[in-house]
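Engineer: Chain residues, written in single-letter form:
There are 2 protein chains.
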Amino acid sequence: MAWEIKNDRPVYIQLVEELEMRILNGTYTMGTKLLSVRDLASEAQVNPNTMQKALSELEKKGLISSRRTSGNYITDDEKLISDLRTELASFEVGTFCGKIKKLGITKKETIELINKEDF
Amino acid sequence: MAWEIKNDRPVYIQLVEELEMRILNGTYTMGTKLLSVRDLASEAQVNPNTMQKALSELEKKGLISSRRTSGNYITDDEKLISDLRTELASFEVGTFCGKIKKLGITKKETIELINKEDF
DNA sequence: ATTATTGTATTATATCAATAATACAGTTTT
DNA sequence: AAAACTGTATTATTGATATAATACAATAAT
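Each protein sequence line maps, in turn, to chains W and F. Per our numbering, the very first residue in the first sequence carries number 3; after that it's consecutive. Per our numbering, the very first residue in the second sequence carries number 3; after that it's consecutive.
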């Protein structure tokens, strides 16, 4: 699995975003156990402390729950995941449209550009 | 003019982005003189050194040219502005579509969401 | 029972970013 | 001529982030 960490923003923030994305899009299955902090850190080529910080953030959001000596587990709260996915999508659409609008590009042009994209 | 500086990313980067946006969308007119470093800093409620750093970045991109004792001037290179505007739009579309696709949202859904937006 | 693995906490160091407070030389402005 | 304003440079301090190197108690695995 690709961990594309750049150095333009705090690493732990990027880890939170990537982990959240994987939970919301189903890459990580609901209710299952996550790799250990150390293994995740190794996989992402990041310091364990930094990965730990990211996991703490995810626990605050309720997306994972940690059991001290067993591991971190993905939430099985289907509605939470669904809601957060919708919320994130809305946020991205809003942010994107705000920038595009500010650039003076019309809605029509925007949709044409998106139609050229591959997905 | 609104300067919405958050603390989630380096301030000088956000200043570069805002200034570039204003040049590309015509808020700042080609060939005209900018406010002084100190006045811009005051307007954005930012330290002059931070604003200066942002202006240096803009000069590297060729969007402004500084005349030592007179002030900073917006470029009058129409093609440069037009090209950078197109480039930025493409970048934003690509970034946005990448995230949306990764979230598992279809192109059709995406366009429906955009059509609900106001612009 | 012993060993390995778990999340978690602590301490230290290094770097980047932001701000503050000046300073200076060269125009403009008055 | 004097004063104000220009970009630019310097030095110092503070805070956030990243990494490193351990450590520990509790549990799981052997």
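Rather than coming from a laboratory, the hints here were simulated on the basis of the structure. Warning: the hint list may mix true and false statements.
Across the chosen pairs, the derived CB separations fall in these ranges [as the list claims (entries may be wrong)]:
#, chain 1, residue 1, chain 2, residue 2, range
1, F, 106, W, 75, 30 to 38 Å
2, F, 4, W, 4, 32 to 40 Å
3, W, 33, F, 9, 31 to 39 Å
4, W, 109, F, 70, 29 to 37 Å
5, F, 69, W, 3, 31 to 39 Å
6, F, 41, W, 35, 55 to 63 Å
7, F, 108, W, 108, 21 to 29 Å
8, F, 31, W, 3, 31 to 39 Å
9, F, 7, W, 27, 29 to 37 Å
10, W, 58, F, 7, 22 to 30 Å
11, F, 70, W, 12, 49 to 57 Å
12, F, 41, W, 55, 36 to 44 Å
13, F, 50, W, 120, 42 to 50 Å
If you want the ones that stay clear, here's a sample from chain F, every Cβ over 10 Å from chain W, calculated [what the hints assert, rightly or not]:
#, residue
14, 10
15, 27
16, 63
17, 108
18, 112
Once the Cα atoms are required to be at most 25 Å apart in a straight line, the calculated PhoX-like pairs of lysine-lysine come out as [claimed, not checked]:
#, chain 1, residue 1, chain 2, residue 2
19, W, 118, F, 103
20, W, 101, F, 110
21, W, 104, F, 109
22, F, 110, W, 35
Think of the CB as a built atom: it goes at the ideal place given N, C-alpha and C, for glycine as much as any other residue.
Engineer: Taking the hints in turn, state whether each one holds.
Structural biologist: Hint-by-hint comparison with the structure:
no.: 1; hint: 106(F) x 75(W): 30 to 38 Å; in the structure: 22 Å, violated
no.: 2; hint: 4(F) x 4(W): 32 to 40 Å; in the structure: 37 Å, holds
no.: 3; hint: 33(W) x 9(F): 31 to 39 Å; in the structure: 36 Å, holds
no.: 4; hint: 109(W) x 70(F): 29 to 37 Å; in the structure: 44 Å, violated
no.: 5; hint: 69(F) x 3(W): 31 to 39 Å; in the structure: 52 Å, violated
no.: 6; hint: 41(F) x 35(W): 55 to 63 Å; in the structure: 57 Å, holds
no.: 7; hint: 108(F) x 108(W): 21 to 29 Å; in the structure: 23 Å, holds
no.: 8; hint: 31(F) x 3(W): 31 to 39 Å; in the structure: 48 Å, violated
no.: 9; hint: 7(F) x 27(W): 29 to 37 Å; in the structure: 32 Å, holds
no.: 10; hint: 58(W) x 7(F): 22 to 30 Å; in the structure: 27 Å, holds
no.: 11; hint: 70(F) x 12(W): 49 to 57 Å; in the structure: 37 Å, violated
no.: 12; hint: 41(F) x 55(W): 36 to 44 Å; in the structure: 39 Å, holds
no.: 13; hint: 50(F) x 120(W): 42 to 50 Å; in the structure: 45 Å, holds
no.: 14; hint: 10; in the structure: 8 Å, violated
no.: 15; hint: 27; in the structure: 5 Å, violated
no.: 16; hint: 63; in the structure: 16 Å, holds
no.: 17; hint: 108; in the structure: 8 Å, violated
no.: 18; hint: 112; in the structure: 7 Å, violated
no.: 19; hint: 118(W) x 103(F); in the structure: 14 Å, holds
no.: 20; hint: 101(W) x 110(F); in the structure: 21 Å, holds
no.: 21; hint: 104(W) x 109(F); in the structure: 23 Å, holds
no.: 22; hint: 110(F) x 35(W); in the structure: 34 Å, violated
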